[in-house]
Amino acid sequence: MRGIVKHFPGVLANDHVDFEAAVGEVHALLGENGAGKSTLSNILTGLYRPDSGEILLDGEHVQFSSPRDALDVGIFMVHQHFRLVETFTVAENVVLGDHRGEGRTFRLRTRAIERRVAELSKRFGLAVDPRAPVWHLSLGEQQRVEILKALYREARILILDEPTAVLTPQEAEVLFTTLREMAADGRTVIFISHKLHEVKAVADRVTVLRGGRSIARVDAADATLRSLAALMVGREIESGRAARDRVAGEPVLELANVWADGDRGDAAIRGASLIVRRGEIVAVAGVAGNGQRELAEAVAGMRPATRGTIRIAGKTVRGGDPRSAIAAGVAYVPEDRLGTGVAPSLSIASNLALKGYRDRHASHGPLLRLRRMRERAAELIAHYRIAGAAPSSAARLLSGGNLQKVVLAREFSGKPRVLVAASPTRGLDVGAIETVHAYLREAAADGVGVLLISEDLDEILMLADRIVVMYEGAIAGETTRDDADVEEIGLLMAGGRDPRAD
Amino acid sequence: MNNSLLVVVLASGVAYGTPLLYASLGEVLAERSGVLNLGVEGMMLVGAVMGFWAVQRVHAATGVSLALAIGVAAIAGIAMAAIHAFLVITLRASQIVSGLALTIFAGAAGLSSYLGNDLNLADNPARHHFDAIFPSSMQHWSIVGPILFGQSLLVYASWICVVAVSLYLSRTRPGLNVRAVGEAPASADAMGINVTRYRYGHTLAGGAFAGVAGATFTLSITPQWTSGITGGAGWIAIALVIFAFWRPALCLVGAYFFGALQALSPQLQAREIHLGPTELWTNSLPYVMTVVVLVFVSASGARRRLGAPASLGLPYVREER
Amino acid sequence: MRIERRLRQPRWLLVAVPAGSLVFAFFASGLVLLATGHDALRSYRQIFDAAFLNSGALGQTLTQATPLAFTGLAAAAAFRMRLFNIGAEGQLFMGAVTADAAGLYLGGHGWPHALVIAAMVVAGCAGGAAWALIPGVLRAFFKTNEIITSLMLNYVAAYVMTYLIFNTESYWRQTTGFNASVFPTSKTLPNAAWWPAANIFPLGGGIAILAAVLIWFLYTRTRFGFEAQVLGDSPRAARYAGIRTRRKILAVMAISGAVAGVGGASQVGDFSHQLDADPNGLQKQYYGYTGIVVAALARYNPLAVVVVAFLIGALQNAGNTLQGADFPSGLVGVMQGIILFSALGGELLVRYRVRVGRALPAPEAA
Chain A
110 MRGIVKHFPG VLANDHVDFE AAVGEVHALL GENGAGKSTL SNILTGLYRP
160 DSGEILLDGE HVQFSSPRDA LDVGIFMVHQ HFRLVETFTV AENVVLGDHR
210 GEGRTFRLRT RAIERRVAEL SKRFGLAVDP RAPVWHLSLG EQQRVEILKA
260 LYREARILIL DEPTAVLTPQ EAEVLFTTLR EMAADGRTVI FISHKLHEVK
310 AVADRVTVLR GGRSIARVDA ADATLRSLAA LMVGREIESG RAARDRVAGE
360 PVLELANVWA DGDRGDAAIR GASLIVRRGE IVAVAGVAGN GQRELAEAVA
410 GMRPATRGTI RIAGKTVRGG DPRSAIAAGV AYVPEDRLGT GVAPSLSIAS
460 NLALKGYRDR HASHGPLLRL RRMRERAAEL IAHYRIAGAA PSSAARLLSG
510 GNLQKVVLAR EFSGKPRVLV AASPTRGLDV GAIETVHAYL REAAADGVGV
560 LLISEDLDEI LMLADRIVVM YEGAIAGETT RDDADVEEIG LLMAGGRDPR
610 AD
Chain B
120 MNNSLLVVVL ASGVAYGTPL LYASLGEVLA ERSGVLNLGV EGMMLVGAVM
170 GFWAVQRVHA ATGVSLALAI GVAAIAGIAM AAIHAFLVIT LRASQIVSGL
220 ALTIFAGAAG LSSYLGNDLN LADNPARHHF DAIFPSSMQH WSIVGPILFG
270 QSLLVYASWI CVVAVSLYLS RTRPGLNVRA VGEAPASADA MGINVTRYRY
320 GHTLAGGAFA GVAGATFTLS ITPQWTSGIT GGAGWIAIAL VIFAFWRPAL
370 CLVGAYFFGA LQALSPQLQA REIHLGPTEL WTNSLPYVMT VVVLVFVSAS
420 GARRRLGAPA SLGLPYVREE R
Chain C
23 MRIERRLRQP RWLLVAVPAG SLVFAFFASG LVLLATGHDA LRSYRQIFDA
73 AFLNSGALGQ TLTQATPLAF TGLAAAAAFR MRLFNIGAEG QLFMGAVTAD
123 AAGLYLGGHG WPHALVIAAM VVAGCAGGAA WALIPGVLRA FFKTNEIITS
173 LMLNYVAAYV MTYLIFNTES YWRQTTGFNA SVFPTSKTLP NAAWWPAANI
223 FPLGGGIAIL AAVLIWFLYT RTRFGFEAQV LGDSPRAARY AGIRTRRKIL
273 AVMAISGAVA GVGGASQVGD FSHQLDADPN GLQKQYYGYT GIVVAALARY
323 NPLAVVVVAF LIGALQNAGN TLQGADFPSG LVGVMQGIIL FSALGGELLV
373 RYRVRVGRAL PAPEAA
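Protein chains in written order, with my numbering: chain A, 110 to 611; chain B, 120 to 440; chain C, 23 to 388.
It should be emphasised that the hints constitute simulated quantities derived from the structure, not laboratory data. Cβ coordinates follow ideal geometry from the N, Cα and C atoms, glycine included. There's no promise every hint is true.
What the hints assert, rightly or not - Have a look at the derived ranges for each label pair, beta carbon to beta carbon:
(1) Val37/C x Gln172/A: 38 to 46 angstroms
(2) Gly351/B x Val204/C: 51 to 59 angstroms
(3) Phe49/C x Glu391/B: 50 to 58 angstroms
(4) Tyr193/C x Arg316/B: 52 to 60 angstroms
Working from the sequences, and respecting the hints, build out all of it.
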C-alpha cells in the first residue's frame with residue numbers, strides 16, 4: 110500500500126501511509142488508538158475507499174470498491190467486533206457470502222457445509238460445533254468462527270484487529286501459535302495491536318503508525334519494548350508503577366455475596382464479595398465476559414441483584430434502581446460511552462446535566478433553569494478542557510477522548526462517594542489515557558472509592574491499590590499492588606486451567 | 120353439507136385470504152431484508168386498478184388477457200415500492216413515515232382513485248376474470264369440493280408461491296444472504312453481500328406481490344373496480360407477517376384464518392344469525408390476536424428465534440464513523 | 023456520489039429545505055396533472071378557491087384542520103420521543119365515544135353549558151388516554167412494539183364505535199322516533215352540549231392551539247420534557263441517568279392519546295353533535311393517519327403542527343369540495359403524498375452532505 114490518504118469529517122485518518130507485507134510472515138501493525146490502524150486495514154479489506162494512494166497485490170494494482178472485491182482476491186479480516194450473524198449457526202456464518210466454487214450453487218447444502226467446517230476446525234485446532242447458533246458461543250469461540258471463515262475461503266492474507274482483547278493470556282498464546290502455523294503455511298498474517306509485548310511475541314516485522322502516518326518499519330527481533338514504545342508515542346513514556354502514599358479510609362462500597370443475572374438469563378455474577386474503601390482504587394481484572402460489566406451495572410443500579418446486598422457508605426442500596434444508586438453517591442463511567450453514557454443527539458450541555466438536572470441549581474420544581482444549565486456546562490467545559498464542538502452541538506460529534514471527558518466531568522461534578530469506571534480508556538489515544546488516569550487518581554485523592562474495571566493489565570498495575578480477579582462471575586483471587594504477579598493474575602483470569610485442555 | 124356455514128366460511132375464507140396471503144408474502148420478503156413497508160395498502164390499490172385497466176383495455180383471449188393483467192398489476196406494485204425503496208434505502212428516510220406517505224399517495228384518496236376515475240374504470244364489470252378451474256363435478260364433492268376445488272387459479276398459484284418463498288428463504292444461498300442482511304447488515308456487508316441491492320430487490324419484490332394481491336380483488340373476488348376496494352386488507356397483511364413470525368407457511372395459515380373471520384360476518388347476516396356482542400369479537404379477533412402474539416413474542420424473550428429481523432426499520436450506513 | 027454526515031446544521035438549511043421541498047412538490051404534482059391531460063394551473067386555482075376563497079370555504083377548511091391539529095399534536099408528542107403511536111385514529115374514536123356520553127348525560131341533566139363542555143373535554147382526554155395506554159403498557163412492561171399494537175387497536179376502536187350504534191341498544195343510540203326505527207342512528211346532543219364557535223372558528227380549534235402551546239412548553243422547558251428527550255434519544259442513557267423509563271412511556275402515550283381524544287370530543291361537540299358511527303363517516307376521514315403526515319411535515323414541533331394542520335386541512339377541504347366530473351379525484355392524496363416524499367427526501371440534505379464526483383475535499387479542522 111503506497112501513499113494511502115483517507116479522511117473523515119473532522120479528521121485525517123491516514124496521511125500518505127506506506128505499508129507492505131510478505132508471504133509467510135506475521136507482520137504487526139502497531140500504533141496507539143487513533144493512529145489510523147483500523148482505517149488502513151478497512152481500506153485494505155474494501156470497506157472504505159482511499160481518497161488517494163494505491164494498493165498492489167503481487168505487484169499488480171488492485172482497487173476494491175466493496176468488501177466483496179477484497180474477499181475475492183483472498184484478503185480476510187477478523188474485526189474487533191465480530192461480523193457474525195448471531196441467529197445463524199456456525200456453519201451458516203462460515204459460508205455466508207462465499208461465492209467461489211461451492212459457493213456458486215443456488216441451493217444451500219447444509220450437511221456438506223457442516224462437514225467441511227468440522228474438518229477445518231479439527232485440522233487447525235479451532236474447536237467449535239458447526240451446528241451451534243453463534244449467540245450461544247463465548248467470545249473466544251466466536252473468534253474461532255471468524256478464523257474458520259478465513260480458512261474456508263482459503264484466504265491468503267489474514268488481518269486480525271486487536272484479537273487478544275477477548276482472550277486470556279494463555280488463550281492468546283494459543284492464538285499466536287495458530288497464527289505462526291498459518292504463516293508457515295504460506296499465508297500472510299497482519300496483526301493489528303497497540304500492545305507492545307504481544308507484537309514482540311508474535312511478529313516477524315513491525316510497522317509503526319502514529320498520528321495517521323507510517324513512522325517506521327522494523328524487524329521484531331531487532332526492536333525492544335522501549336524502542337517500539339518510543340516509536341509508537343514519539344516520546345519516552347514512563348512505564349512502571351507510580352508511587353502512592355494514600356491511606357485508605359473506611360469502606361464506602363461493600364458487596365456481600367452478590368448474585369445477578371446476565372442478559373441471557375443465566376447468572377453472570379455468582380456470589381461476588383468485595384470492599385472498596387475511601388480513597389482507594391480497587392481494580393477488577395479479567396477477560397471480557399466474566400461478569401465485570403454486570404458487576405459495574407449492579408453497583409450502578411442498572412442491574413438488579415438476585416441475591417446478596419450492596420452497601421454504599423454503610424447503607425444498603427435498593428438494587429436495579431439507578432436513581433437510588435445515584436442518590437447514594439455512585440458515579441458510573443460506563444464502558445459503552447456513546448450508547449449508555451451520553452444521549453448522542455442531545456447537546457453537550459444537556460449531557461453535562463444528564464444526572465444533575467434534578468438538583469436545585471438546575472431546576473425549579475418541574476421547570477428547568479435552562480440558562481443556569483448552560484452556564485454550568487460552560488464552567489465544566491472550561492475546567493475539563495473539553496474541545497471539538499460547541500456546547501450546543503450534538504454530543505455524538507465529539508472525539509472519543511472528549512466524549513469521555515464529558516462523562517467524567519459530569520460524574521465527578523456530582524461529588525460522588527463511589528466511582529465505578531468500566532474500561533474508561535478503551536479506544537483513547539495516549540494523551541487522553543493519561544488525562545483519565547490523572548482524574549482517577551485525583552478522585553481517589555479526594556476520598557472517593559474507585560472501582561476500576563479494565564482488561565488492560567498494564568493500566569491496572571499502574572493505578573490500582575488492590576487488584577481483584579474475576580472469573581466466571583466470582584472473585585477468583587485478590588492481591589495488592591506490591592504483591593502482584595502478572596503470571597499468577599493471568600492464570601486466575603483463566604480460571605487456573607490450561608485452555609489447551611479444551 | 121356443502122352449504123353449511125362451516126364449509127361456506129372456509130371456502131370463502133380461502134378466497135378472501137388469498138390477497139392477504141400474496142401481500143403478506145411480499146411483506147415477509149421486504150421485512151426479512153430489514154425494510155418495513157407500511158405502504159402495502161397503497162401498493163395493493165394501485166395494483167388493483169392497473170390490473171383492472173389492463174383487462175379492460177386489452178383485446179385478447181381470456182388467458183392472455185388475464186396473464187397480462189397480472190403482469191401489469193405486479194409492475195404497478197413494483198413502481199410504488201420503488202418510491203419507498205429509494206426514500207428509505209438511498210435517502211435513509213424514516214421507514215414508517217415513508218410507508219404511510221406511500222399509502223396516502225397511492226391509496227383510496229390518492230393515485231389509485233385518480234387513475235381509476237380518469238380512466239373511467241368504475242361501474243363496469245371486468246371483461247375477464249379468474250374463475251374456478253376445476254370441473255363442476257369436482258366442486259360438488261363433499262366438503263373438500265368447494266374449499267379446495269372451487270378456487271381460482273390465483274389461489275392455487277398462491278400455494279406455489281408459499282412453497283417457493285419458503286424454500287427460497289431456508290434452502291438457498293440468496294435466501295441465506297437476505298436473512299443475514301435483515302439480521303446483521305454490517306456483517307453481511309463485511310462478507311461481501313451488497314446490502315443495498317438485496318434491500319432494493321426484496322422491497323420491489325414485495326411491491327410485485329402487493330400489486331398482484333390488489334389485482335385479486337378486481338380480477339377475482341369482486342370482480343369490478345371501485346375506489347378503495349381493498350378495504351384495509353393491506354394493514355391486515357402487515358399484521359399477518361408478525362402473526363406468522365415472518366414465516367411463509369404460517370402466513371398461509373394466518374391469511375385463511377383472517378379470511379374466514381372476514382367471511383363469517385356476511386354469512387351470519389345472510390342466515391339471519393345474530394350473535395349480539397359476539398359479533399364485535401369476531402370482527403376484532405384478527406387484530407386482538409395479532410396483539411396477543413406480539414406480546415407473547417416480546418415478553419417471552421423468544422425474540423431471537425421468533426422475532427423480527429434485528430435490523431428491521433433501521434437504515435444501513437457503511438461509512439459512519 | 024458520496025454521503026457524509028454533517029458536522030453542523032446551518033440555520034438557513036432548516037428553513038430552506040422544507041420550503042424547497044414544498045416548491046418541488048407542487049412542481050411534481052403539476053407534472054402528474056399535465057401528464058394525465060389536466061390543466062395544472064387551473065386545478066391549483068380550483069384548489070385554492072375551494073380551500074379559502076369560496077363562500078364558506080374558510081369555515082370548512084377550519085373544520086378539516088381542527089381534527090388534524092389534534093391528531094397531529096398527538097403524533098408529534100409521541101413521535102418526538104420515538105414512540106410511534108399510530109393509534110391516534112382509534113384514540114380519537116374512543117374520545118368521541120366518552121365525550122358523547124358525557125355530553126348526553128350532563129347536557130340532558132341540566133348542567134350549565136360551560137361545565138358540560140369542560141366535562142366533554144375531560145371525558146375525551148380520558149377515553150383517548152385510556153385507549154393509548156393499552157399499547158403503552160404493552161410497550162413499557164413487555165417491550166412490545168407499539169406501532170402494530172396501536173395500529174390494530176384502531177380497527178378495534180372503529181368496531182366498538184360502530185357496534186354501539188348498529189348492533190346494540192346502547193346509551194348512545196337513538197331508540198325512539200320514526201327515523202330511528204328505519205335505520206340505526208345516534209342520539210343528538212342536547213343544546214347545552216353543543217360547542218360554541220367564534221364566527222367560523224370552532225372552539226376545538228382554540229383548544230388545539232392551547233394544547234400545542236402547552237405541549238411545546240412541556241417538552242422544551244420542563245424536567246419532564248428533558249427526560250422525554252433523553253429517553254427518545256437513547257433508552258439506555260435514560261436508564262443510566264435514573265429516569266423512570268416505564269413511567270415516562272406511559273405518561274407520553276397517555277398525553278398523546280388524550281390529545282387525540284380531545285380531537286374526538288371536538289368532532290362530537292363542534293361538528294357532528296352526535297356519535298358518527300357510520301362506517302362511511304368518521305371512519306373514512308382517516309384523521310388519525312393524516313395527523314401523522316402533518317406531524318412529520320412539521321418536524322414534530324407542536325407549534326408548527328398547528329400551522330401545517332391548517333394547510334393540510336385546506337388541501338383536504340378542497341379535495342372534498344371539488345370531487346366531481348370536473349376535478350381529478352384522488353389529486354389531494356397524490357399531492358399530499360408528493361409533499362411528504364419531498365419532505366422526506368429533503369431531510370437527507372439537512373442531516374447529510376452529498377458530494378458528487380471524485381474531488382478531494384480539504385481536511386476539515388478537527
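Consistency of the hints with the structure:
A beta carbon spacing of about 42 angstroms between Val37/C and Gln172/A agrees with the range 38 to 46 angstroms that was offered as a hint. Gly351/B and Val204/C have their C-beta atoms about 28 angstroms apart, which leaves the hinted 51 to 59 angstroms range violated. Between Phe49/C and Glu391/B the C-beta distance comes to about 56 angstroms, which sits within the given range of 50 to 58 angstroms. Taking the beta carbon of each, Tyr193/C and Arg316/B are about 58 angstroms apart, inside 52 to 60 angstroms as hinted.
The structure fails hint 2 only (numbered hints given earlier).
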